[in-house]
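These protein sequences, in sequence, are chains A and B.
In terms of the working numbering, the first sequence opens at residue 2 and continues consecutively.
In terms of the working numbering, the second sequence opens at residue -15 and continues consecutively.
Hints are supplied without guarantee of correctness; some may be wrong.
Simulated coverage check for chain B against chain A, where a stretch passes if three residues somewhere in it have a Cβ under 8 Å from a Cβ of chain A [as the list claims (entries may be wrong)]:
| # | region |
| --- | --- |
| 1 | 13 to 25 |
| 2 | 202 to 210 |
Now the in silico label distances, taken between C-beta atoms and shown as ranges [stated by the list, open to error]:
| # | chain 1 | residue 1 | chain 2 | residue 2 | range |
| --- | --- | --- | --- | --- | --- |
| 3 | B | 58 | A | 294 | 42 to 50 Å |
| 4 | B | 124 | A | 336 | 38 to 46 Å |
| 5 | A | 109 | B | 212 | 49 to 57 Å |
Chain A residues, not near chain B, derived (Cβ > 10 Å throughout) [what the hints assert, rightly or not]:
| # | residue |
| --- | --- |
| 6 | 184 |
| 7 | 189 |
| 8 | 209 |
| 9 | 391 |
Quick caveat, the hints were computed from the structure, so don't treat them as lab data.
By construction, the Cβ of each residue, glycine as well, lies at the ideal position given by its N, Cα and C atoms.
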Amino acid sequence: MALLKKSSIWIAFLIALLGLPLVFDSILAISILNQMVIAIVFALSYNMLLGQGGMLSFGHAVYFGLGGFLSVHALILIEFETMVFSILWIPLIGGLFGLLAGIFIGSFSTRKAGTVFAMISLGIGELIAASSLIFSSFFGGEAGISGDRTFGPMFFGFDFAQNIEIYYVAALWAFIATLFMYLFTQTPAGKMANAVRDNPERAEFIGYSSRKVRFISFCASGLFAGIAGGLFALNYEFITEENLNAATSGRVLLMAYIGGLGYFIGPIIGAVVLTLMNSLLSNYSELWMLYLGIMFLLTVMYLPRGFAGFIMMHQIAWIRGNMKLLIKPYIVTAIPALLFTLCAIALIEMSHIEDEVFHYLGLELNPASPITWIVILAVAGGAFFTVKRSLVQLNDAWETANAIPKEEEA
Amino acid sequence: MAILSLKDVKKNFGITEIIRGVSLDIVEGEKHAIIGPNGAGKSTLFHLISGRYNVTDGSIRFKEQHIENKPPYEIARMGLARSFQVTNIFQRMSVFENIRCALFWSKGYGYSFWHLLGRQTELNDEAMHVLEQIGLADRAKFPSGELAYAELRALELGVAIASGSELIMLDEPVAGMSHSEAQNAVELIRKITKGKTLIMVEHDMNIIFDVADRISVLVYGEIIATDEPKKIRANPKVQEAYLGEVHSA
Ligand SMILES: Nc1ncnc2c1ncn2[C@@H]1O[C@H](COP(=O)(O)OP(=O)(O)OP(=O)(O)O)[C@@H](O)[C@H]1O
Ligand SMILES: [Mg+2]
């Protein structure tokens, strides 16, 4: 029964992965879906370090990028028939090199956790990013290197020229990688990673070298980051220094953190949300990075356990059948909160644009007129005030929904 | 035969000598208590034996092998388990997982990333059995960081005893427990260490005279006497240095 329940989640995940491109079938949607599955694998691999192993890395893109570079080189070798195999296996090449890099770098960086580990990861990240610009015969300098995935033996008549074909390849690999990363958490090495995260000292007194425990997680994390890099290489057919530098490392940290480090599903949520924001917001506003930053700040401050933690917070209310108590106060709070957010965005955008008219939500606003500013500020203020008031009610409802029923107390 | 043998062990922190030449033989199977005033160096001695600190001088042998300055995990694998005076557990993991982790090494799992824990019935049953012994079976799924104090102490004890090591060292296992809780814990300690060697630091004299075969008195980093409980009680040096102090307190 438990097994059935567990496997049903995985079947649902697989169906979702395979079914999504049937629902969202535009070119843009397929490209976003491709980015999404790559991001899922990458963010999950990051969480093996931070969420599960307590290692804060600022250089995780190194393993993603190296896996990606090797994969593009493999594509080139296939193109020139130096090697002959289906491009289906490219992610394994990425994974292998992610693993090798993990073994090499992990052999000294996992000696300590905490600040020392974080600083080493930052240093290695900078080092590899700088080297990639220097050794341009391998990394292709600023332009990076590119390949072509349509060479190599066909796979049941597919030559993978279409993005949708690559999506299915990526989705299957993402599924396998996710499954294995989950299974890792259910092994002695995976549990000891948690133990060492919580208390490296005590772990040593029950027979485990905390360094070796960290090393194993680190290598596994490198392997899966490399697989994600391989998927990236297949999808874009090129890779540059940008894919292994600090910005990419920062983005994966953000994804895992916003999604929720404490839950296996957290980084998946983070990867989905951030990829969507990334691709959709960037179409609407040049300032999307700013909004991303604000969202990150708000998450750190108000949802330290991320989106997944926020969802899981409702477990007790759900079990007690009290969710209905929360729906109304949530809606009553969400509406003015949304209004406030829209006003805030309008104000930020108006101080940024230089056009005469600002098209916003079907309105034509005049940024030059003080009246526009005053009205929006007034609405924002009203909304803010309403949110504050409804938060009190929400809080009360929360207490009631989570209160221990009388008969249980006795 | 001595299972553990300390010879002239010294420990300095900077220029302060905390352990000033301790020699001690622990006989296999005995229940040995270490007593002494606050700050005497009892916990430090535990840390030296279990590998948390390196010795400044001297030697420590466990089952005939030198263990001084070895990393804690190697000593633990040889069959020496310990608990801590200040609770030291895996606070974000569940109570059950804490105990199960403590079992991994002795059950031969090592660093395995190929055993799925859901399928290790014997291991899981064993962990549940330990939980029942320490009275935390109904807390199995509880996050251990949220336990009440007495429960935390029980878990601390459980993590130390789970693997069934030959030599068990407990640093004030019942400190801060209520009288009846302490009584239960002592009963459990007695049961679990049957046929094993126990070294225990404890302040409560009733418990010590109840459990221990022999007592060592540590004062300012030196053992001033090692003997049977009755003789320790009668020892004038001990009375002067330690017992008197307790009675007047
Ligand atoms: N890491 C350290 N650095 C410096 N001094 C230390 C260190 N650890 C312990 N000490 C000192 O060594 C002395 C002995 O400490 P220890 O904790 O071993 O005493 P104890 O006998 O266990 O006392 P208690 O009964 O209070 O637990 C104390 O004076 C303490 O301040
Ligand atoms: Mg002490």
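Taking the numbered hints from earlier one at a time, note which ones the structure violates and give those numbers from smallest to largest. Those not satisfied are hints 1, 2, 6, 7, 8.
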